[in-house]
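Asks: The residues making up each chain are set out below.
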Amino acid sequence: MTMEQVLFYLMAGIAVGSALYVAATKNLVRSVFMFFVTLMAVAGLFVPCMADFVAITQVVIYVGGILVLIIFAFMLSGRETLANLQQQSKFISISKVPAFLLAGLFFIVLLNIILKGNVNGLVWTEKAVLTSNVITAKDTTIDNIGVNLMGNYLLPFEAISILLMMALVGAAHLSRKERGV
Amino acid sequence: MHDLLPSLHGQLDQVLGSLPYFIPEVYLVVFFLAVLVTDLVFGRNSGWMCHILAIVGLVVVIYRDLQQFMFVVNESNVLIFSGMLILTRTAIVLKIFTDLFALVMLFYFVWDDKLSSHNKGLSDLYTITVAAVFGMHLMTMASNLLSVYLSIEMVSIASYLMVAYKAENKWSSEAGLKYVLFGAASSAIMLYGISLLYGLGGSLDIFGMAAGLAQANPLFVSFALVLFFVGIGFKLSFVPMHFWVPDIYEGAPTPITAFLSTVPKFAAFALLISFLAPFTNPALMWRSFDFRLFFSVIGIATMIVGNFAAAMQNNVKRMLAYSSIGHTGFALMAIVTALIMPAGRGLPVLTFYLVAYALAGTAAWMLATYFADAAGAEDMNGYKGLGFKYPVAGVCFVIVLISLTGLPLTAGFYGKFLTFSAAYQAYEIGHNTWLLALMITSAVTTVVSLFYYIKIPLNLFLRKTDRTTGFAAMNNWLLTVVAIITILVVYLGLFPDFLTKYL
Amino acid sequence: MENLLQQIDTLTIKFALVAVLLPLLAAVVNACLPGRTNKVAGWISTLAILGSCILSFFVFSKVWNQHVVHQKVLWFAIADTKLYAGILLNNLSALMLLLVSLVSLPVHIYSTAYMKGDTHYKRYFTYLSFFCFSMLALVVSDNLVLFYIFWELVGFSSYLLIGFWYTKPKAVLANKKAFIMNRIGDIGLLSAVIILYALFHTFDIAQLFGDNMSGSALANQMPVGVQRIACIGLFLAVAAKSAQFPLHTWLPDAMEGPTSISALIHAATMVAAGVFLLGRFYPIFTPAELTVLAVIGCFTAFMAASIALTQNDLKRILAYSTISQLGFMVMAMGIGAYASSLFHLATHAFFKCLLFLVAGIVIHEMQHIKDQNKLDIDPQNILYMGGLRKKMPLTFIACVIAGLALVGLPFTSGYLSKDSILIQSFEWAEGKGWLYELIPIGALLTSWLTAFYVIRLIAKVFLGDFRLIEFDPNIKLHISDGNWQYRVPLILLALCCLFPVFSYNPLLYEKAWLFNGFSAITGLDRVNIYHTIIPALVNILSLIIMYWSWAIYTKRKALPFPETGLLFKFSYHEWYIDTLYERFIIKPVMSFSVLARWIDRNIIDGFIHLLANIGIAASKVAEWFDRYIIDGVLHLLASIVLAIGNFARRFQNGRVQYYLFSMLAIILAIFIIKTLF
Amino acid sequence: MNILSLLIFIPLLFGLIIVVLPSSLRASFKYITLLATLVQLGISIFLYIHFQTGAEHAGINNEAQFQFVQKLPWINLDLGSLGKMQIDYFVGIDGISITLVVMTCVVMVIAALASWEIKSNLKGFFALFLLLNTAVIGVFCALDFFLFYIFYELMLLPLYFLIGMWGGARREYAAIKFFLYTLFGSVFMLLVMVGLYLSVKDPATGNHTFNIVQMMNPANYDQGSIFSAFAHKTILGVSARTVGFVVLFIAFAIKVPVVPLHTWLPDAHVEAPTPVSIILAGVLLKVGGYGIIRTCLGIFPEIASSGAWWLGLLGVISIIYGALNALAQRDLKRLIAYSSVSHMGFVLLGIASQTTEGISGAVMQMVSHGFLSTMLFFLAGVIYNRVHDRDIYNFRGLGSLMPKYTTFTMIAFFASLGLPGLSAFMGEAFSLVGAFKSPSINGYLPYWMAICGSVGILLSAGYFLWTLQRMFFGGLALKGGDIWRTALTDLNTRETIALLILAVLTLALGIMPSLVFGKINDSVLGLIHFLSRT
Amino acid sequence: MITLTDFLVVSAALFCTGLFIILSKRNAIQILIGIELMLNAANLNLVAFGRYDKINNGGQIFVLFSITLAAATTAVALAIILNVYKRYKTIDPNKIDELKD
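Residue numbers (our numbering), protein chains in the order written: chain A, 265 to 445; chain B, 925 to 1427; chain C, 221 to 897; chain D, 2 to 535; chain E, 1120 to 1220.
Please note that a few of the clues may not be correct.
What the hints assert, rightly or not - Pairs of lysine to any residue, SDA-like flavour, derived with a Cα cap of 25 angstroms: (1) B/1308 to D/203; (2) D/405 to C/258; (3) C/302 to D/234; (4) B/1038 to A/380; (5) C/731 to C/756; (6) D/202 to D/171; (7) D/234 to B/1308; (8) C/336 to C/611; (9) A/380 to B/1143; (10) C/302 to D/70; (11) E/1214 to C/878; (12) B/1313 to D/56; (13) B/1388 to D/234; (14) D/85 to D/203.
These are computed hints drawn from the structure, not numbers from a lab. The structure displayed is predicted, hence computed values, not measured ones.
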């Protein structure tokens, strides 16, 4: 049981646990903050995959961006949303049973498939290992990412900027006060 | 350390090399920015400018598309941007039609009273539209999981915005909410699928991926594929990803609905085609997942659900929404055909079918707008006796619906006819029972579809109304365009090779 | 020489053709005439029939007992088979041609007077001429298609004429009944014709049955099964057309038409067509079938005669007697008395036609009385009549002659034909076993019954004195024989009822030219004992019977002279005898006749009505089936579609999470299916 | 301009004229229509006169023997691996078609005369009327299956509107029922058509073809193609050719109509306005019969012979069943409609017998029924226009009130109950001849079918005479009392002319059947020869 | 040594939790959170596999894009939700069901 594994299981535990808590809790605000924990944990899980840059991005964008947005939304959407969310039933209630069953079954199926489908013995991963096409702890991924973004992934890189622009315009349009009103 | 730097030059050359194949999209971007800037600069009364700009832009783009068609037509498929996109003949053709219909839609937007009365102005809508068209262009050419996901998201987000665009309208925003939630969820699922595909296939590039998948565990692979198709299914709205369709189509402003129900279909089908292409390659012995079975079943279910559920709709928009589901199902038959015989007529036939459907569909939505604006007719009862009040519109509606049903002397008929013939040919090869089932189902559902399409002429002409008031005078632009489209439909019904010889 | 013959033949054919077409021409002309009661119409028709009468005389003279004349032209070709329209003149057709035109002539003349003042005078003569045309065409046509066509056309024209007064509901019902019953026969005939064609690929009568009824015909070699079907069809045809049991009930009802029509169509010509048909198709039948025919004929004859006994409606009596006479003819055909049958056909045509004309006059006059005195009586009911001999002597004489001919007393034509039938029936039956004997005996009885009702008729109508006097003495009786249009036909026909027309020898039918014209089939000599016994037997008995019935129906009060012993006893005896007869003979016979009549009305007609009702019921069932089952299936399909659609719509409850849920559920289902299988 | 194409498209031309004319001239529309139909009639008569007969003009399965042929390339679709899809505009007529074409033109004239009664939006009515006219003629002339199908479908929409917009009380139901029924048939017909197309190759060009005539030649089928007679392909276990035959047959049987696919007919006929009922009964039913002869028998002869027993059975059932239903109706138009079912049964019986007489009789029956049903519906329309009632029990003793009308009714009734000397007799008689001959010639049909068929004649006599008795004879008694008595005027000149034409034609055909037989004989012989060869 | 399977299992858990959230929560925003959770699960997979793809590093870059896209989507979604809230005074998707058959 190496240090690495310990960390991994810890992170995984936190992630899943907090996620479950998000699912379970009645209180909205609390669930949001638990979600923050989940995101952190996931970011932590990125690290053992040698995706440090991605982990950072995750933290920055998610926590700094999305979560904040969500909280703003809460604030904007006033109190009786919070109010009528208070009287939410417990973790398992009749209204949730189908959802729970579905999710559970989904998980079982997934698990079943994952365990059957020995991903560890994938052809291409082994080939990658042979051709040492594996990211190791030594090499830094950042410049690699940078080069790729400037090269192979230039198109998506440009395209997503347009997407963001459009999203910006649209969101702005939706949320701006109507003229003349 | 910097072991990738040397390859950078190569990659940049690659990028520059692929730019010539990317000219229409470049123009799109340019005009997108132009519209955006005008919008920002001129603020509140920039609507008409943006409108003109967008229209001009699309015209130019279509022109460029045609150029591209001219000179790519003889070359075989081109991979550009290091395999991000693939430029095929079908893709170009579909791009052209996408742009054409988008152009029509751009005109259409302002002719709908409800939409044009939107008090925040339409200028943002044009921006979004252009961006959406750009997204569709990417979609038609995408050949890499990243570009696939990116383009789908782009189109989806644009669609959310369009649906919810009329913010002050209750239904519009409700539809927006449903759309965004459903869409985001399904895209999340698709992303999960993509992640698995990537994991199992070992490459984002779909050809490499296919090669990899062929060796992976079949069960797992099919699982991943199904998750992936959830996303495409959401775009194509086939069963079981169709639930959002009626509500959103009803809630959104009619022109938006028209846009959603016609234009992205081209792109989405193109995407489906290009995604399936590698698997049909006989070189890799594809066993893991039976696409034919999958799409046959989906197609049958879609046809049945769409047409049968439409059979008792009273609201015209809902009815058309369901019927659009049905048409997707029919188009899937062409996909199955293409899967069975990659060399066969599946794709051009599909294109023709889509064009025919898009023509008739656009006209139908426009007429829905027309009657809604003219006589406030939303559902069947509202249409009573309007045929005599607005004869031209009435007749056009009849012809359009006939085309949607697929009766002769309309484009729709040849759509069905060619699909049948292609399917038959495929059947002769494999004697694939599912294909037969598809054909029979489609025949039956055609009859059913008549049953509900005919309701509109029934109310327009066969029933009399006693109302005399509340008939607005109409702007004839809309009617003119409808008439032109109708004539086109009939012309294609008489001389289909006018179109088919280019496919 | 040949050439000359050819020309003569063509001339004959031409004449025959013209003879046939003249009435048609008349019909067309009449139809185009203006006005409903155009007197011209009558004369046109009469002239036409006169013309064809003369022509047919000529034709007859050319053809009778000489070579057969047969010419045909291509009518149309269907696929590779050609159909010819042509005229076949042999003894039979020539005779019929003459007979029909000869009988029609007086009827025409008669009608001009009889229908005077009717609001549809013109229509009447149009129909009449049309009937004559189709009847004449029927007898001369040379192929089965034409034969069938005219066969049905005569039925059609009789339909028109029965329902001539179409405002009388009874008349309409009667003509419907007549036509439909005839239709049954027609279908029989049609099937037979088609079967013949299907077997021999020709419609030509001459080829099928040989020219002059000489047995050398295609029709002899037929496979048994098919031949059965064909013959059943023919039976039906004959039974329907000439009112044989069980299809005879339309004939009495048909009396709703004008009397002159009854005289021509339902006594003399059309109803005889059935017999004529037998004559044409004779070679087809096998002995067994002929026997069946004989039985049917005999039974019909007896039954009808017995029914005639108790009828009080003048025309009905005659109608039933017609049926029974036709029965005679059919029986004769059955027993192979081919010649006698046709012979009787000819004689019967005259005297029965005459009887009807007489009846017409009587009824007309009674109507006259009725109208004059505002009486409420049925002018056709013989119980109101009587003693008319004084008022209308000529009619009386004519009636007596006809009646005697009907009975078949010597010196009348009836004697010759009838006896020939009786005699041959006995010859036919002998040595065949006692069962076969029933037929001649039945025939014998029938002839006696005939004698009885004939006298009853005459007595009730003409003898005694006018019944109505008894009701109110001061009744006005301005009646007479009527004008010449009435007298001439009577005289003409009456003459035709006497023996000289047919044979110089009043007693020996073998000497009758007409008989010899056909005796090709039945050649027999007079060695046989029957030929002397039977006539004597028959006639003597008939005379006695006639005396009885005369005695019964014209009973006087006690004779005028004082009741001194012997005379009184005599009359007393007479009285005694009468009662005897009353008790032992008349009663049973009468009751039988009533019974038969009852059967006729209720069982047979009842059966037919039953059939009709079954038809209606079936139609109701069919309609129900149509509405509820077949359409029901459709609506079921529709509802299935709607059900599926509703199922699909059930998910559209507007809740996005529910949508997501259902979508994911389906996907999950797919996975589970995939993982399990 | 080929004269046949002229015949087909003239009505369309006039229809366009009507469409562009302003509605202020609506009074003239009916005359324009009448003119159009008359011109058409003229052309058709010209065709009839110049129609060559003789074995060398038999037509059927020999392309060279068709007459007034026009063949233009119409649609060229490059189907990649399939070769080119060649759809021709290919029209031409042989003996079977010519008579029906002439009949159609006559009926159209009468229908035009009958449409005087139409009062509301005339422009639409006459435009649709003429469109329908074009389609119908086209069906009879088309020799390219695709073209045939196009015209076939083209009939539906105008009819839908003609029934639905100008029809009676339950017109919507009737119209949609008719439309769905027919579409159901034709959609599957489309499938078979495509299958045939992909199986047949034009020997000359090597392309697949829709040419019906070439579909008749087994040699033109690809080896191993689905409908090839030699490669015994199956669809879901059933022989492919059988499936094809059955599907085509069902499609046309719906039109004919054959029990149990007939229930659209009473509704459609009853609800439709008179001119449309006339066209429906007079022409459209014939399209079914024609289609069976031309395609079912022509393309699947061996199935037709092996399935003849069933065809015959259906025919007999239609005869009896239709007649029984007619007997049960109290609505005059319904009665006539069901009588049509019964009479068209003879057509099927004749076709099933596959003897020369049978098929000639069938064609004859179609022609005569064309005229007779026209006449009957016209008459029904006359009385309906007068008092807007058709219930048989509401009329009595019309004979004395409307003598002319009664006369024509009697002619029509007796003609259609098969009185000799009138056209229907020839048709029915020879259909029966065929049925009776079949057992001895080819043994397709048993005797009892023929006999049951002849029972149908009896039944028809039953219901027609009963109707006569109930409506026309007896003392005058009307439901509507004196109002009706005044309303029920006798025929006016227009009606008299229309009816007179028909009566004369009926009589003429009855007396000179060669008018029809003369033209069809060679084709029928050709057809029989063709059938017997396979 | 941590195998891919472990990562997959974790991501599966996250995914299903997200699934449960989007199905069960009565609040649009929470549903969004659920969606984000599912996205994260997918990202985890990508990254995990991306480890074996050093040259063109698809996994990680894909994750970068997906995160950005998630942000965009969320922004738009929230804007819409706020609009809905303006009209309906609630963001419980089950109460917003005026559009239905």
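Asks: If any of the earlier hints don't hold here, list their numbers in rising order.
Replies: 1, 3, 4, 6, 7, 10, 12, 13
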